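S.K.: Here the structure of chain A is known, so what remains is to put chain B with the ligands in place on it, guided by the hints.
Respectively, the protein sequence lines represent chains A and B. If you read the first sequence in my numbering, its first letter stands for residue 1, the second for the next number, and so on. If you read the second sequence in my numbering, its first letter stands for residue 323, the second for the next number, and so on.
Keep in mind that the hints were calculated from the coordinates and are not lab data. Don't take every hint at face value.
Said to hold, decoys possible - Have a look at the derived ranges for each label pair, beta carbon to beta carbon:
1) Val18/A x Thr477/B: 30 to 36 Å
2) Arg558/B x Lys135/A: 18 to 24 Å
3) Ser169/A x Leu555/B: 37 to 43 Å
4) Ile544/B x Glu174/A: 52 to 58 Å
Here the structure is a predicted model, which is why all the values come from computation and not from measurement. All residues carry an ideal CB built from backbone N, CA and C; glycine is no exception.
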Amino acid sequence: MIDAVGLQKVYRLKKRQVTALNGVDLHVRSGEIYGVVGQSGAGKSTLLRSVNLLERPDHGTVEVDGEQLTSLHGSGLRAARRRIGMVHQHFALLSSRTVAGNVAFPLEVSGVGRAQRNAKVGELLELVGLGDKAKAYPSQLSGGQKQRVGIARALASDPKVLLSDEATSALDPETTESILSLLRRLRDELGLTILLITHEMDVIKRICDSAAIMADGEFLESGRVLDLIGTPGSLLARSLFPLPDNGGPDTVVVTYPRSFDQPFMSELTRRFDVDVNILGGGVEEVAGHSVGRLSVDLLGSRRNEAIDYLTQQGLLVEEAGQ
Amino acid sequence: MTNPADLLLLASTADANPIVDFVREWPAMWPELWLSTQDTIYMVWWATVFSVLFGLPLGVLLVTTDRGGLTPAPAVRAVLSTIVNIGRSLPFIVLMVAVLALTRLLVGTTLGPTAAIVPLSIGAIPFFARLVETSLREVDRGVIEAAHAMGTRKTTIVGKVMLPEAMAGLIAGLVMTVVTLISYSAMAGAIGGGGLGDLAIREGYQRFNDQYLWATVILLVIIVQVVQSLGDLVVRRLSRR
Ligand SMILES: Nc1ncnc2c1ncn2[C@@H]1O[C@H](COP(=O)(O)OP(=O)(O)OP(=O)(O)O)[C@@H](O)[C@H]1O
Ligand SMILES: [Mg+2]
Chain A
1 MIDAVGLQKV
11 YRLKKRQVTA
21 LNGVDLHVRS
31 GEIYGVVGQS
41 GAGKSTLLRS
51 VNLLERPDHG
61 TVEVDGEQLT
71 SLHGSGLRAA
81 RRRIGMVHQH
91 FALLSSRTVA
101 GNVAFPLEVS
111 GVGRAQRNAK
121 VGELLELVGL
131 GDKAKAYPSQ
141 LSGGQKQRVG
151 IARALASDPK
161 VLLSDEATSA
171 LDPETTESIL
181 SLLRRLRDEL
191 GLTILLITHE
201 MDVIKRICDS
211 AAIMADGEFL
221 ESGRVLDLIG
231 TPGSLLARSL
241 FPLPDNGGPD
251 TVVVTYPRSF
261 DQPFMSELTR
271 RFDVDVNILG
281 GGVEEVAGHS
291 VGRLSVDLLG
301 SRRNEAIDYL
311 TQQGLLVEEA
321 GQ
Chain B
323 MTNPADLLLL
333 ASTADANPIV
343 DFVREWPAMW
353 PELWLSTQDT
363 IYMVWWATVF
373 SVLFGLPLGV
383 LLVTTDRGGL
393 TPAPAVRAVL
403 STIVNIGRSL
413 PFIVLMVAVL
423 ALTRLLVGTT
433 LGPTAAIVPL
443 SIGAIPFFAR
453 LVETSLREVD
463 RGVIEAAHAM
473 GTRKTTIVGK
483 VMLPEAMAGL
493 IAGLVMTVVT
503 LISYSAMAGA
513 IGGGGLGDLA
523 IREGYQRFND
533 QYLWATVILL
543 VIIVQVVQSL
553 GDLVVRRLSR
563 R
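Next comes chain A alone, as it looks inside the complex:
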């Protein structure tokens, strides 16, 4: 749905220049929620803003829903942007307009008539659970409510793609949770494709199907979240499951990239006569699957056989010493 290839963006300041994007390839499949995480200044916002060409990349191409956006200008580009919804960290609502007026804005811009506009606005406010707030002004709303208005506005022109730059960063954990489940519900009900930027691993864990880790204008890794977690040396796995740094030479990190019913640890002790000492770990719901990651000491003469066995069973085993 979104295909960006070779994105390059350099900001030239007075003294120095900043490479915000350094050859980024981004591929977001239709109907998935794709999260980009990274430190501040990694270039996440620049990437997102390149997708609807708020920022024109120096090099590279952006294609959304089969349409090459990088070759568009003027009215063609404006029309294309209307097919892409965007949600902002600080909501970016018009303070001079009511909630209904804000949601109606994109409809006015694209020339939808008043009657149709009102009907659509009512529908959208119901969809985001703000049916009773149509006449309120943004300043009278909580952060979570403001973001719901922002989401309703972004959906007004029936976009297939929704871009979200830190949509939950200004919200408390509970409100974040409700906005995230709203996004997931919208994806499920409307078949939206969502590209979101976040600095919270939790967001990736909760709703993302795919993810990319970004640093210094580049993707360090990207792909389906479950695939990434099952990849040796995954930064994403490490960030999603912070393990205690108390391992020794016998420590291995075992990742269960999907749900297992088998009691592997007790099986190991029985079959290979190894001692298993759990140092830390956890099981979490990631991308709709429960994924576990354990840091354990494996001791015994048949240690290698035990590791091979786990690997054959589809678990990912990484030796901490390596």
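M.R.: Relative to chain A, chain B with the ligands alone:
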């Protein structure tokens, strides 16, 4: 006699109770005061209309042509800004004299309230333009960016985002402009512009009729108060949102 201390002295020695005296004189003065008030309102009204007509677009251009604006054009902005600065730096009394030729060209005379509209407008346009510029700059950049992201054309962004979002500041600026115009209009009286300032000088200063001087001051204060209160009311309405 222009010295306020002298006026006070005179007022206190003229009669046992100068206020009673003043109130007694008021009906006799009223016809002339009312005519001059109408002249003042007429001048200020039209000068305000022209200030908005030209100052608003000028203020918008000062913002949109700036770096990072909707249509960056540094050269255009530099020219506009210089013109505005020249207009702003001229004392009104000098400006009035400086534009006499233009006034004659446009109105056919340099005397009377209609002629005064020309220098008043020229003085207020750059003043209002700067105030417009300042309020428009306060508009959240994020909201403008959001409008871009929704595929909004630039003229629509000005009309439906920037101006409505800055409305409270624009109204406050307009009120400030009107109040300034009222004081300028009194100054226009000095070169025969008509209005309350003219009356104060003709009757009050040149004929030593202090009652007129006081009456015009009171009327000017009332007009300014009314304008300011109405403006404040609207601004408060808008910014309570
Ligand atoms: N308009 C600009 N002019 C100059 N430099 C910019 C501009 N926008 C971004 N940058 C620089 O580009 C780099 C990437 O910025 P970007 O906003 O994409 O980071 P980010 O990953 O979104 O960070 P954050 O998490 O803080 O939002 C930063 O070093 C930033 O200073
Ligand atoms: Mg950012």
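S.K.: Work down the list of hints and note, for each, if the structure agrees.
M.R.: Status of the hints after comparison with the structure:
1. Val18/A x Thr477/B: 30 to 36 Å: Taking Cβ atoms as reference, Val18/A and Thr477/B lie about 33 Å apart, which means the hint holds.
2. Arg558/B x Lys135/A: 18 to 24 Å: Given a distance of about 20 Å, which is inside 18 to 24 Å, the answer is holds.
3. Ser169/A x Leu555/B: 37 to 43 Å: Check passed, 38 Å falls within 37 to 43 Å.
4. Ile544/B x Glu174/A: 52 to 58 Å: 56 Å, holds
Hint check: no violations occur; every hint is consistent with the structure.
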